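Put chain U on the given structure of chain Z with help from the hints.
Spelled out, the chains give:
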Amino acid sequence: MSDNLPQEVVFDILARLPVKSLLQMRCVCKSWNSLINSPNFITSHTNQTLANNNNELVLLRHHTDGKDQFTVHCNNNTFNECTTFDCPFTNWTKYYFRVVGSCDGLVCLSSHDQTAILWNPSIKRCLNLPTPRITYKSHGSYTFFLGFGFDPLTNDFKVVRLVYFHTNFGYRLPAEVDVYMLSIGTWRTVNTVAPSYSLMYCVSHAFVNRACHWIGFEAMTKEIMRYLILSFNISTEVFREIKLPDCVANVFRLIASVAVYEESICLFHYDRDWGYPSKNCDIWVMKEWCGRVLD
Amino acid sequence: MSSSLEKNMLILRSSDGEEFIVPEVVAVMSKAIKNMVEDECASNTIPVPNVDANILAMVIEFCKKHDESEAEAASDLKTFDSEFVNRGQEALYDLITAANFRDVKELLDALCQNVAEMIKGKSVHHIRIQFLGYQLFEILTSNFIWNIWCDRDFD
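The listed protein sequences correspond, in order, to chains Z and U. Mapping of the first sequence onto the numbering used here: residues 198 to 492, in sequence order. Mapping of the second sequence onto the numbering used here: residues 1075 to 1229, in sequence order.
Bound conformation, chain Z alone (with noise of 0.2 Å):
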């Protein structure tokens, strides 16, 4: 039946199967293993699934056993579990990974020990991405942010690395910024000088708007700081600054991280109990775009 029809209408037909169909009709002959594998069927197919996809769901990491196990969860009142993915690389670091962020079925995670991969867990395929430009071996100590999205511009997933070298009072500014292209694969160092902001460490990244988000400061006295929302857009490649409401901007040692709450930014700030973060959150919720281009 399938070498006579049309090969636009087996296109269509396979568009529709769940991935792991797909994973076994690729086996079936190797005109449809090519059509399969093809970046424009992947586009296609990703699409498709996006479009009919109308339950949200929840990636949750959890160290259990020690061992790292990841379950997607549906994001409504039951919170029900769907499915369970086994890490696939726990030899790799004798670090933990942590979770970048997640994009169109692409999950990127790093560890302590500049590691940086790219995992796609329904085809149970990973990528370790190349060792950066700046390493601990060949510039010393510095601490280093991620970021990580899908540029549809050029169709090509991206991820963004800032480099923050130590000095003897903190970090010297501005940041080095680097980004890896999944399809051209290495490293490429970015023209664009980064604002000279600080960012808060061990804060999660939330990628909204084609731009990663990240909470920023600058420090006005030793003591004072002023908080802001810090994004850089995959696509042009460009820094912006979200101001924060005076009540968040001003805090002294803030507490909060970024997070996406319905296509837009929002910030979790969380009140202080005795230096930790108390059960007490604050959520805001960005209406229109107010950024300021840096130059």
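FYI, nobody ran anything at the bench for these hints, they're computed from the structure. Keep in mind that the hints are not guaranteed to be accurate.
Claimed, not checked - Part of the chain U face toward chain Z, derived, beta carbon under 8 Å:
hint, residue
1, Gly1091
2, Ile1095
3, Ile1170
Unchecked claim - Capping the alpha-carbon separation at 20 Å, the derived lysine to aspartate or glutamate pairs in EDC-like fashion look like this:
hint, chain 1, residue 1, chain 2, residue 2
4, U, Lys1105, Z, Glu205
5, U, Lys1138, U, Asp1155
6, U, Lys1179, Z, Glu205
7, U, Lys1105, U, Asp1126
8, U, Lys1196, U, Glu1180
9, Z, Lys217, Z, Asp310
10, U, Lys1152, U, Glu1135
11, Z, Lys217, U, Asp1126
12, U, Lys1138, U, Asp1150
Said to hold, decoys possible - Computed footprint of chain U on chain Z; a stretch qualifies when at least three of its residues, placed anywhere within it, have a C-beta under 8 Å from a C-beta of chain U:
hint, stretch
13, 221-228
14, 449-463
Note that the structure is a prediction, hence the values are computed from the model and not measured. Don't be surprised by glycine CBs; every beta carbon is placed ideally from N, CA and C.
Only chain U this time, still in chain Z's reference frame:
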């Protein structure tokens, strides 16, 4: 030149010569026929080559239902679609060819979805024999490497 017959009816002639009188609104659900009507190159009867009377009747039935039931609940239409496409493989193949060639989007959508449902959960061997008409001999020779592949567990 009467691109639209009295009362906006068109005559479609199947490959085996049978003629169907169809309202224009129904006929133009086929993009190919719509283009012909818009370009005013549709004379009294529009030949529909490659599609025999049996299949053409089915396509017209589908289009009529979709035209009538625009106001109806979408779930009713879905039930009709799934019952409509629930046919033997030969009829399915002919319908897909007709829908693709005549560019009837709704019908092609329903048919492709149906075939996708049929493929879901079937084994690779099943697909080869049922859909591709492979003979056992061919599978054993040309696809030997692929057979090793499909024994792998993808769960």
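Verification of the supplied hints:
1. Gly1091: Violated, because the Cβ-Cβ distance from Gly1091(U) to chain Z comes to roughly 24 Å (cut-off 8 Å).
2. Ile1095: violated, 29 Å
3. Ile1170: holds, 6 Å
4. Lys1105(U) to Glu205(Z): holds, 17 Å
5. Lys1138(U) to Asp1155(U): Satisfied, since the Cα-Cα distance of roughly 12 Å is no more than 20 Å.
6. Lys1179(U) to Glu205(Z): holds, 13 Å
7. Lys1105(U) to Asp1126(U): holds, 19 Å
8. Lys1196(U) to Glu1180(U): violated, 26 Å
9. Lys217(Z) to Asp310(Z): violated, 33 Å
10. Lys1152(U) to Glu1135(U): Since the Cα atoms of Lys1152(U) and Glu1135(U) sit roughly 15 Å apart, the hinted pair holds (cutoff 20 Å).
11. Lys217(Z) to Asp1126(U): violated, 38 Å
12. Lys1138(U) to Asp1150(U): holds, 14 Å
13. 221-228: n = 7 at 8 Å, threshold three: holds.
14. 449-463: violated (count 0)
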